[in-house]
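**Q** Kindly produce the complete structure, drawing on both the sequences and the hints.
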Amino acid sequence: NAGVMQNPRHLVRRRGQEARLRCSPMKGHSHVYWYRQLPEEGLKFMVYLQKENIIDESGMPKERFSAEFPKEGPSILRIQQVVRGDSAAYFCASSPTNANTGELFFGEGSRLTVL
Amino acid sequence: AQKITQTQPGMFVQEKEAVTLDCTYDTSDQSYGLFWYKQPSSGEMIFLIYQGSYDEQNATEGRYSLNFQKARKSANLVISASQLGDSAMYFCAMREPGGSYIPTFGRGTSLIVHP
Chain A
1 NAGVMQNPRH
11 LVRRRGQEAR
21 LRCSPMKGHS
31 HVYWYRQLPE
41 EGLKFMVYLQ
51 KENIIDESGM
61 PKERFSAEFP
71 KEGPSILRIQ
81 QVVRGDSAAY
91 FCASSPTNAN
101 TGELFFGEGS
111 RLTVL
Chain B
1001 AQKITQTQPG
1011 MFVQEKEAVT
1021 LDCTYDTSDQ
1031 SYGLFWYKQP
1041 SSGEMIFLIY
1051 QGSYDEQNAT
1061 EGRYSLNFQK
1071 ARKSANLVIS
1081 ASQLGDSAMY
1091 FCAMREPGGS
1101 YIPTFGRGTS
1111 LIVHP
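In the order they appear, the protein sequences are chains A and B. If you read the first sequence in the numbering used here, its first letter stands for residue 1, the second for the next number, and so on. If you read the second sequence in the numbering used here, its first letter stands for residue 1001, the second for the next number, and so on.
It should be emphasised that the hints constitute simulated quantities derived from the structure, not laboratory data. Keep in mind the model is a prediction, meaning the values are calculated, not measured. By construction, the Cβ of each residue, glycine as well, lies at the ideal position given by its N, Cα and C atoms. Do not rely on the hints blindly, as some may be mistaken.
Short, incomplete list of chain B residues facing chain A, as computed with Cβ under 10 Å [to be verified]:
#1 1046
#2 1088
#3 1097
Below, in silico cross-link-like pairs of lysine-lysine (DSS-like), each with a Cα-Cα straight-line distance of 30 Å or less [what the hints assert, rightly or not]:
#4 44/A - 1073/B
#5 71/A - 27/A
#6 51/A - 62/A
#7 27/A - 44/A
#8 62/A - 1003/B
#9 1003/B - 1070/B
#10 1003/B - 51/A
#11 1070/B - 44/A
#12 44/A - 71/A
#13 44/A - 62/A
#14 1003/B - 1073/B
#15 1003/B - 44/A
Across the chosen pairs, the derived CB separations fall in these ranges [stated by the list, open to error]:
#16 68/A - 1046/B: 24 to 30 Å
#17 78/A - 1017/B: 28 to 34 Å
#18 1009/B - 5/A: 27 to 33 Å
#19 17/A - 1057/B: 48 to 54 Å
#20 1110/B - 85/A: 21 to 27 Å
#21 1110/B - 16/A: 33 to 39 Å
#22 1014/B - 78/A: 45 to 51 Å
#23 1080/B - 97/A: 46 to 52 Å
**A** Shown next, in the form of C-alpha cells:
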C-alpha cells in the first residue's frame, strides 16, 4: 500500500514564476491537509481538502496561493508569482478520518526554493 | 494563544539513557487526540504515538511512551534507552473539535543523542 506521494521533492523557481506541488494521498484516504514548514520552525496548517471540496483554507495566504483536490488525480497546491518568502518545505498529509483519533500520514515533502 | 507549546528548543541525551520531551496543550474540549511525530534530518514526518483524551492508560509504543497528565494538560514523550538514530526533531500535535479536528503542531524540540 503506497504511502502519501508528493512531487516534486525539490523545486527551484525564480521570483514571479509559478510553483505547482502535487500530492496523492494514501489509498482510501479522503482527507488531505497541506502544511508549510519554514526553517527551524514547526508545521503551519494551510488548507484542508476533501475530494472536490475545500473544507478549511484558514491558513492559506489570501493571494497567490490556491489548492484543489479534483475528483480524479492528485491534490495540487499552486503558488503564483512566487517570492523569496515562499521558500519552505511544503508537506501534504492524508488521514482516513477527520476526527480526534485519526493520525496523519505524511508525504516526504516538497522543498521550494525561490531565487 | 498557542495551542501546543514545546518549551525545549534543544535537548541532549547520552546513548542508552532515557529522555523526556515536554509538551503542553490548550483546549476547552473534553474529547481530543494528542500525537507525537519525529522528523529526522532527511525531512520526512514519522508518526510515533497517539493518546486519546479519554484513554485511562498512558500510551506506549516500543521505546516510546506518553506521560499524559490531563489535569496539567501535558503530554510528554518519554524515549527510553536512547539510540543514535533517535537524533531528530520531535513535534507534538493535537486534534480537537474546536479546531475542526485539523492537527495543530508545536514548534518542535531538537534531540541530539551522544555516543
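**Q** Taking the hints in turn, state whether each one holds.
**A** Here is how each hint holds up against the structure:
1. Taken as an interface hint, residue 1046/B checks out: its beta carbon lies about 8 Å from the nearest beta carbon of chain A, inside 10 Å.
2. A hinted interface residue such as residue 1088/B counts as satisfied when its beta carbon comes closer than 10 Å to some beta carbon of chain A; here the least separation is about 14 Å, so the hint is violated.
3. Hint on residue 1097/B holds. Least Cβ distance to chain A is approximately 8 Å, under the 10 Å limit.
4. Taking the CA atoms of residue 44/A and residue 1073/B, the gap is about 22 Å. The hint holds against a cut of 30 Å.
5. Distance hint between residue 71/A and residue 27/A is fulfilled; the C-alpha atoms sit about 14 Å from each other, no more than 30 Å.
6. With a C-alpha separation of about 21 Å, the suggested pair residue 51/A and residue 62/A falls inside the 30 Å cut-off, and the hint holds.
7. About 25 Å separates the Cα atoms of residue 27/A and residue 44/A, which keeps this hinted pair within 30 Å; it holds.
8. For the hint pairing residue 62/A with residue 1003/B, the CA-to-CA distance comes to about 23 Å; that is within 30 Å, so the pair holds.
9. For the suggested pair residue 1003/B and residue 1070/B, the alpha carbons sit about 15 Å apart, so the restraint of at most 30 Å is met.
10. Restraint check for residue 1003/B and residue 51/A: satisfied, since their Cα atoms lie roughly 28 Å apart, inside the 30 Å limit.
11. A hinted pair counts as satisfied when its Cα atoms are at most 30 Å apart, and residue 1070/B with residue 44/A qualifies at roughly 25 Å.
12. As the CA atoms of residue 44/A and residue 71/A are separated by approximately 26 Å, the hinted pair is consistent with the 30 Å bound.
13. Proximity of residue 44/A to residue 62/A is assessed by CA-CA distance (about 15 Å); at most 30 Å being required, the pair is judged to hold.
14. Only pairs whose Cα atoms come within 30 Å are accepted, and residue 1003/B paired with residue 1073/B is accepted, the gap being roughly 11 Å.
15. In summary, the hint linking residue 1003/B to residue 44/A is supported, as the alpha carbons are separated by about 12 Å, within the 30 Å threshold.
16. Roughly 28 Å separates the CB atoms of residue 68/A and residue 1046/B, a value that falls within the hinted 24 to 30 Å.
17. One distance hint, 28 to 34 Å for the beta-carbon pair residue 78/A and residue 1017/B, is violated here, with the actual separation near 47 Å.
18. Range check, residue 1009/B to residue 5/A: about 32 Å between beta-carbon atoms, so the 27 to 33 Å window is met.
19. Range check, residue 17/A to residue 1057/B: Cβ separation about 52 Å, and the 48 to 54 Å hint holds.
20. Take residue 1110/B and residue 85/A: their Cβ atoms lie about 24 Å apart, and the range 21 to 27 Å holds.
21. In this structure the hint that residue 1110/B and residue 16/A lie 33 to 39 Å apart at CB holds, the actual value being about 35 Å.
22. Between residue 1014/B and residue 78/A the beta carbons are some 47 Å apart, a value that agrees with the proposed interval 45 to 51 Å.
23. Roughly 30 Å separates the CB atoms of residue 1080/B and residue 97/A, a value that falls outside the hinted 46 to 52 Å.
Checked against the numbered hints given earlier, the structure breaks hints 2, 17, 23 and satisfies all the rest.
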